[in-house]
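*Asks:* With the hints in hand, could you dock these two chains into one complex?
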Amino acid sequence: MKTALLENKTMDNTGIGTVVDSGSSTETLMQIRDLHKHFGKLHVLKGINLNVHKSDVLVLIGPSGSGKSTLLRSVNMLEKPTSGQILFEGNDLTQASRKELCRLRERMGMVFQQFNLFPHLRVKDNITVSPRKVKGMTQEEAEKKAEALLKRVGLFDKWDEYPSRLSGGQKQRVAIVRALAMDPDMMLFDEPTSALDPEMVGEVLDVMKALAADGMTMMVVTHEMRFARQVADYVLFIDDGQIVEAGPPDQIFDHPQQKRTQDFLNKVL
Amino acid sequence: MISIPKIWEILTGKFSVFMQGVGTTVELALFTVVLGSVLGLLVAIFRHTRILPIRWLMNAYVAFIRGTPLLVQVLMIVYGLPQLGLKLPRMTLCIIALVINSGAYMAELIRAGLQSVEKGQEEAADSLGMNGFQKMRYIILPQAIKVTLPAMGNEFIAIIKESSVLYAVGVYELTYQANKLSSVNYRYLETMIVAALIYFVLTYTMTKLLGLLERRMRRSENSVA
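Residue numbers (the working numbering), protein chains in the order written: chain A, 1 to 269; chain B, 270 to 494.
Rather than coming from a laboratory, the hints here were simulated on the basis of the structure.
All of these numbers come straight from a predicted model, not from anything done at the bench.
No residue lacks a Cβ here, since even glycine has one placed at the ideal position from N, Cα and C.
Please note: incorrect hints may appear among the correct ones.
[To be verified] Just a sample of chain B residues kept apart from chain A, beta carbon distances all over 12 Å, derived: (1) Phe284; (2) Ser285; (3) Thr293; (4) Ala329; (5) Leu340; (6) Thr361; (7) Ile369; (8) Gln390; (9) Gly398; (10) Ile414; (11) Ala437; (12) Tyr455; (13) Met461; (14) Thr472; (15) Gly480.
[To be verified] Each computed BS3-like pair below joins lysine-lysine, with the alpha-carbon atoms no more than 30 Å apart: (16) A/Lys151 / A/Lys124; (17) B/Lys283 / B/Lys415; (18) B/Lys477 / A/Lys124; (19) B/Lys283 / A/Lys135; (20) B/Lys415 / A/Lys158; (21) B/Lys388 / A/Lys99; (22) B/Lys415 / B/Lys404; (23) A/Lys158 / A/Lys124.
The shape of chain B in the complex, shown without the other chains (with noise of 0.2 Å):
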């Protein structure tokens, strides 16, 4: 049976526990979905260079990620490093694994960005003599970045979702704590309502804020012309 009061006496019983979940679970997604930007944008800059050997190193980290699991990723990470002698706290091998998966994704939705700029662009960079950095900083880059920001906010709700393998490494976010609890007091279906619910406050009133920004950009920005 499942028992609604007793939904509420979890949530507000154990208040502090899931806030402190929420607390990591959303530590894990800023640093990633930040760190991961820079990673991605890195790698999709990369993927153009004229130097084969690294646009094949890169377009093979991009396909890897992209065709694994990420709880396979998580575990390489989290027990491999440590085994290879790098010894880390356990968070920052989570956010090391996050990143470098949030990264192939991030360099996917940079490359649509980039190619999404029309090719007058460039050319009109080229034909004021600027250079390929130049032209990739100062015209390319900004338009494209502009292009891409809602997708990466999307990416960053991803995050908090995904976030939750985690728990198998043992990382005190949302997921393991709400897993903790339902051990101990037997409601596990009451316990996870919660967890979830909880999930989806934070993505909902993400997804609401980034559609608010979204809207105030495009205001803002007088269209692309």
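Chain A with its partners taken away, still in its complex shape (with noise of 0.2 Å):
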């Protein structure tokens, strides 16, 4: 296990360190160079690398502050990183024009932990307003597709309600839909269970993990640790702004090398 991880670390040939990468054989959908946040004073990112392999699962773990919920939002400029590169598809998002950057980001669904429900839509115009006036569907491909989604999640008898009369679980459950709707190469998921209620969160979680098997590439921020090892192909230990260890699951959750992982896990294990 040890060797692997080693192998999976490659040295980048532009000096600026080790790349984090899973190594896995399918194609590469984003790589993230030396990738630095500052707010104000505060040094949030501090040069992360990184490439995500299409349909891999990245789980990013770690202590509250430690920069993982900011590198998520990094990801598709939520945040706009104050150097470094992220390449998705070959497109260097940190230089992309505003316009670019809508195309891209139609391309990566963002799931948050409050939701974010537009509370003034019904379920099924939540799901419908990106894909028919960003990517100009018709309403009737529109709502064909987010029936099908919501049928999948087993949430199409709430299709006429407004998201205050959903329960958490619900409503995250539409908020996933409402990111796949739009047909996205890659899935952000930024503590989607923190918000919960504790029994809702089996239902969320449930839905992730098919998404995950049915080969979506997904980078999930989470504290649900027993997700993590389930559902991840790589996790990742962030602390303070850098990517501390990174490897399979079993070997973080097992055999963690970094006595600031062993700590980390010995707290929330």
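*Replies:* Structural data, given as structure tokens:
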């Protein structure tokens, strides 16, 4: 296992340090190079180098304030990195024009901790507004797609409801469907179960598991260690703005190499 | 001596005169609230633009209007514009003056509404690939307007009252009519009491109606979450 990790880490010829790479045989969907983010004087991301391969499920764990959410939010430019590159399907997001960024974001779904459903729109409109207005789908097409997706997560009966009438778990499943309706190549999850009552966590994780099984490329920030172990192809332990350790879940959870990883896992497991 | 029967006599005797004034007042207020909302909306949106000079211009407009008396603004527009060669009917000039005034206040109300929309809404729209216009049009604005509607209702009521300054430029609204009457019947107190009562009935009814509307809206909206 240890050697596997070493093999997976390759020196980048730009000399910016070790690039974390899951080593999956699928094509590389995203390359993050020497990514830094400052909030004023606070140095939140300190040179992140990461390759994300198609169909990989990457789970980001680490203490709060470690920068894992900032990293995820930087991936679709909700946070503007201070320096570095994010290549998504060959396009550098950090250099993209406003218009190009919209195009690129279409292909990246995002699920938020607080759901962020649109409260003034019914479930069906929450899901169809972007396919229609951004992708130019007809209402009929968009609704057909929304219907199929909602059925998959078992929420078709909420078609005409407003978000406020849904439970937390239902809201988050609708939020996932809303992102999927854009046909993204990659899904980002920012602590998707942290705002949920414990009994609703399972229903959301189940949807995510199904997505992972379907081959969706996913980056997930979560505190659900069991989920990480079951679903992740690759676990990244992030602390103090850096990827401290990365590897398959067995390796990270059972044989962590770094002291910081061990300390963190001792606290949360 | 104040005479209660005289108040009644003035109201009933000159009812059509008062009603003509009410008609003009309500007409002014309606035009103003509708056009003022549109202007306020535009100003509120342009205050968000990335083009700094436009932003400065909008901010200056709002600050200037809020910092100067309505009567001065009315005199500037109603007598000033014709001096510049813009020969418009008096009523139109008055509406322009009121709209310019009200637009500034509406812009502030709408700005507060826009700010009340959670940051996460914008982020969700961004993450779905929406551009600035789509985000504003489909996500932010509908929520902001909903929050702003009650305040816009109050603005309508305020305009009904404030439009009384137009008596100074000879528009036949309620205050002008009452003032003209009292200069003929010499019953200033009673005549103005009638005018005040009519204003009160107008604004009080409007307040109640808006309250009803607001409660119904709240019931159907299922709270924002």
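*Asks:* Hint by hint, say whether it matches the structure.
*Replies:* Do the hints match the structure? See the list:
1. Annotated as non-interface, B/Phe284 keeps its C-beta farther than 12 Å from every C-beta of chain A; the closest such distance is 45 Å.
2. Taking the minimum C-beta to C-beta distance to chain A, about 46 Å, the non-interface status of B/Ser285 holds against the 12 Å cut.
3. Separation of B/Thr293 from chain A is adequate, the least Cβ-Cβ distance of about 37 Å exceeding the 12 Å criterion.
4. With a least CB separation of 27 Å from chain A, B/Ala329 remains clear of the 12 Å interface cut-off, as annotated.
5. Non-interface status of B/Leu340 relative to chain A is upheld: no Cβ of that chain comes within 12 Å, the nearest being about 40 Å off.
6. Distance check on B/Thr361: its Cβ is at least 36 Å (rounded) from any Cβ of chain A, clearing the 12 Å threshold; non-interface status holds.
7. With 12 Å as the threshold on Cβ separation, the claim that B/Ile369 sits away from chain A holds: the shortest Cβ distance comes to roughly 31 Å.
8. With a minimum CB-CB distance of about 6 Å to chain A, B/Gln390 fails to clear the 12 Å threshold, and the non-interface call is violated.
9. Here B/Gly398 does not stay apart from chain A, with its beta-carbon only about 4 Å from theirs, under the 12 Å limit.
10. A Cβ of chain A approaches the Cβ of B/Ile414 within 12 Å, the least distance being about 9 Å, so the stated non-interface status is violated.
11. Interface exclusion of B/Ala437 from chain A stands, the closest Cβ pair being 43 Å apart, more than 12 Å.
12. Residue placement check: B/Tyr455 keeps its beta carbon more than 12 Å from all beta carbons of chain A (closest about 57 Å).
13. Chain A leaves B/Met461 outside its interface by the beta-carbon criterion, the shortest separation being 46 Å against a cut-off of 12 Å.
14. The claim that B/Thr472 lies off the interface holds: its Cβ sits roughly 30 Å from the closest Cβ of chain A, which is beyond the 12 Å cut-off.
15. Its beta-carbon lying about 22 Å from the closest one in chain A, B/Gly480 satisfies the requirement of being farther than 12 Å from that chain.
16. Between A/Lys151 and A/Lys124 the CA atoms are separated by roughly 12 Å; this keeps the pair inside 30 Å, and the hint holds.
17. Restraint check: the Cα-Cα separation between B/Lys283 and B/Lys415 comes to about 41 Å, which exceeds 30 Å; the hinted pair is violated.
18. Among the hinted pairs, B/Lys477 with A/Lys124 is inconsistent with the structure: their alpha-carbon atoms are about 35 Å apart, more than 30 Å.
19. Between the alpha carbons of B/Lys283 and A/Lys135 the distance comes to roughly 64 Å, so the proposed pair goes past 30 Å and is violated.
20. Distance check on the hinted pair: B/Lys415 and A/Lys158 sit about 23 Å apart at the alpha-carbon level, within 30 Å; holds.
21. For the proposed pair B/Lys388 and A/Lys99, the alpha carbon gap of about 21 Å is at most 30 Å, so the pair holds.
22. A threshold of 30 Å between alpha carbons decides the hint, and for B/Lys415 with B/Lys404 the separation of about 16 Å falls inside it, so the pair holds.
23. The suggested pairing of A/Lys158 with A/Lys124 holds, with an alpha-carbon distance near 8 Å, which does not exceed 30 Å.
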